[in-house]
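Residues per chain are reported as follows:
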Amino acid sequence: MAPLELHEKVLVSTDFLETTHGSMGCTECHGGNAKAVEMVSAHAGMQADPTFPDAVKACGECHAKEAELAKTSLHYTLATYRPMVHERATTDKKQLQMLDQGMDNHCYSCHASCGECHVSRPNFAKGGFISGHNFNKTPDQTNQCTACHGSRVGNEFTGTTGSGDAHYTKHDMDCMSCHGTKDLHGDGKSDHKDRYDVEGLSRCEDCHQLDDQIEQHAIHREKVSCYVCHSQPYANCYGCHVGLDDKGLAYYKNPDEAELFRIGLNPDQSKVHPEKWVLVRRVPAVKTGFDYYGKGLLSRFDQLNNWKYASPHNIQRKTTQNRMCNNCHGNEELFLTEAMVKPEVRSANKKVIVPQKMIPALQEQTAPKKEKKRKSGYF
Amino acid sequence: MIGKRSMFVWMVVIGLIFSAGDLFASSCVDCHTDTEKLQAIAKTLPQKVGSAETAGKG
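Chains as they are written, first to last, in the numbering used here: chain A, 2 to 380; chain B, 14 to 71.
No wet-lab data here; the hints were simulated from the structure.
Glycine included, every Cβ here is placed at the ideal spot set by N, Cα and C.
Hints may be right or wrong, so weigh each one.
Said to hold, decoys possible - In silico DSS-like pairs for lysine-lysine, Cα to Cα no more than 25 Å straight-line:
1. A:LYS36 / B:LYS50
2. B:LYS61 / A:LYS10
3. A:LYS343 / A:LYS296
4. A:LYS319 / A:LYS254
5. A:LYS288 / B:LYS70
6. A:LYS254 / B:LYS61
7. B:LYS56 / A:LYS254
8. B:LYS17 / A:LYS10
9. B:LYS50 / A:LYS248
10. B:LYS50 / A:LYS343
11. A:LYS36 / B:LYS56
12. B:LYS56 / A:LYS296
13. A:LYS248 / B:LYS17
14. A:LYS171 / A:LYS72
To be verified - Beta-carbon label-pair distances, calculated as ranges:
15. A:LYS194 / B:ALA55: 22 to 28 Å
16. A:LYS95 / B:ASP43: 49 to 55 Å
17. B:LYS61 / A:GLY46: 41 to 47 Å
18. A:GLU6 / B:GLU66: 33 to 39 Å
19. A:ALA362 / B:ALA65: 49 to 55 Å
20. A:HIS330 / B:LYS61: 33 to 39 Å
21. B:LYS61 / A:ARG324: 27 to 33 Å
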């Protein structure tokens, strides 16, 4: 995605002025002084994004439900980050303040408001109107979704890494084809421990009814997640460190990364994810990640696993591992065994590490059955 | 008595007086719909920069 020139970022299209939103005065949402004759006084008190941190004033009069949901949307609040990091953190109050400062400088500078999904590029992607301040009901995949979710999801989905996701490469679907309002605005609850806890998230089964006539579905259903059979290797990041440079600018360093495929034990089997076998991704959390703000801030790092449930966006009907039973069965390389986990985080990941004896045994080799040609199907 | 015609003239004059402030003031869209004006202003503004130390996938 090419960066926008500074003037392009704030160039309002004359079409916009003919729309419902455009017929309102600029200052009605943004504040500032429309009667001022020079730039500084015109922009005094102006709010570039009137939808953050509170969307109710700007959007609530017409979009009451959405504005209310914004208060608990994880896109807005990133509410699961802090408790998750705190679970790994020291209990010392002063040190926790140092950690929170670090989180505010880095983790919490990244969020998405109503405006950042419906009007402009997100701040994380340096902002700027995507269509002359026109409001788009459906976010734009390139300018908005993958502007943030690009390095993993975007690259995997479009095939910048791997062969891409069949939903995109073969069926021209975009993010919004699967991810509806619930996924993006949330379910109105504010006590989620994990982003996968939001109720009503889109699922493969919403479109793909599991068909027991397919032998492998009948055998593996509710034991193995869809991703285990239908994903390709995906991005894993090993060690994000954050800090401030000489000029006081926030930076992160996350140089240790790899495209891997690892089947682990589901650490949080639930009604939504009942499977025992899931894909796990190494997330960038590392014990020394916040050392810039204070040594030992994540002193209880082993409380949580940092190989986590993964939902790679690079689905294919046929993958290397699902072509033959023994591409997976007995294939130690695909499983997150103890040897695959760095010694310093083995204790943290004991719930997801697959003991050697649990790796499914090699199957007796039989000739692959000819699959009946399906009348209709997605892939 | 003021005739209907002169009443109309007075109303126009009063209206003009009240809107004079708006007529001579800048409005947001004068600049924000004009590419050239914005380009000229943009040249005078400092560029925001991120840290050069950032590295790796975010």
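Evaluated hints:
Simply put, LYS36 (chain A) and LYS50 (chain B) have alpha-carbon atoms about 18 Å apart, close enough for the 25 Å limit, and the pair holds. With a C-alpha separation of about 13 Å, the suggested pair LYS61 (chain B) and LYS10 (chain A) falls inside the 25 Å cut-off, and the hint holds. With a C-alpha separation of about 21 Å, the suggested pair LYS343 (chain A) and LYS296 (chain A) falls inside the 25 Å cut-off, and the hint holds. A distance of roughly 35 Å separates the Cα atoms of LYS319 (chain A) and LYS254 (chain A); the hinted pair therefore is violated under the 25 Å criterion.
Restraint check for LYS288 (chain A) and LYS70 (chain B): satisfied, since their Cα atoms lie roughly 18 Å apart, inside the 25 Å limit. For the proposed pair LYS254 (chain A) and LYS61 (chain B), the alpha carbon gap of about 20 Å is at most 25 Å, so the pair holds. Taken as a hint, the LYS56 (chain B) and LYS254 (chain A) pair is broken in the structure, with Cα atoms around 32 Å apart against an allowance of 25 Å. As the CA atoms of LYS17 (chain B) and LYS10 (chain A) are separated by approximately 51 Å, the hinted pair breaks the 25 Å bound.
Taking the CA atoms of LYS50 (chain B) and LYS248 (chain A), the gap is about 32 Å. The hint is violated against a cut of 25 Å. The straight-line distance between the Cα atoms of LYS50 (chain B) and LYS343 (chain A) is roughly 57 Å, outside the 25 Å bound, and the hint therefore fails. Our distance criterion of 25 Å between C-alpha atoms is met by LYS36 (chain A) and LYS56 (chain B), whose separation comes to about 24 Å. Pair hint LYS56 (chain B) plus LYS296 (chain A) does not hold up; C-alpha atoms about 43 Å apart against a cutoff of 25 Å.
Between LYS248 (chain A) and LYS17 (chain B), the direct Cα distance comes to roughly 71 Å. Violation of the 25 Å bound is thereby established for this hinted pair. Simply put, LYS171 (chain A) and LYS72 (chain A) have alpha-carbon atoms about 37 Å apart, too far for the 25 Å limit, and the pair is violated. At roughly 45 Å, the beta carbons of LYS194 (chain A) and ALA55 (chain B) sit outside the given window of 22 to 28 Å. For the pair LYS95 (chain A) and ASP43 (chain B), the supplied restraint of 49 to 55 Å holds, since their beta-carbon distance comes to about 52 Å.
A hinted range of 41 to 47 Å is violated for the C-beta pair LYS61 (chain B) and GLY46 (chain A), which are about 21 Å apart. The hinted range of 33 to 39 Å is not satisfied by GLU6 (chain A) and GLU66 (chain B), whose Cβ atoms lie roughly 25 Å apart. The given range of 49 to 55 Å is respected by ALA362 (chain A) and ALA65 (chain B), whose C-beta atoms sit roughly 52 Å from each other. Taking 33 to 39 Å as the suggested C-beta distance range, the pair HIS330 (chain A) and LYS61 (chain B) does not conform, at roughly 53 Å.
Range check, LYS61 (chain B) to ARG324 (chain A): Cβ separation about 50 Å, and the 27 to 33 Å hint is violated.
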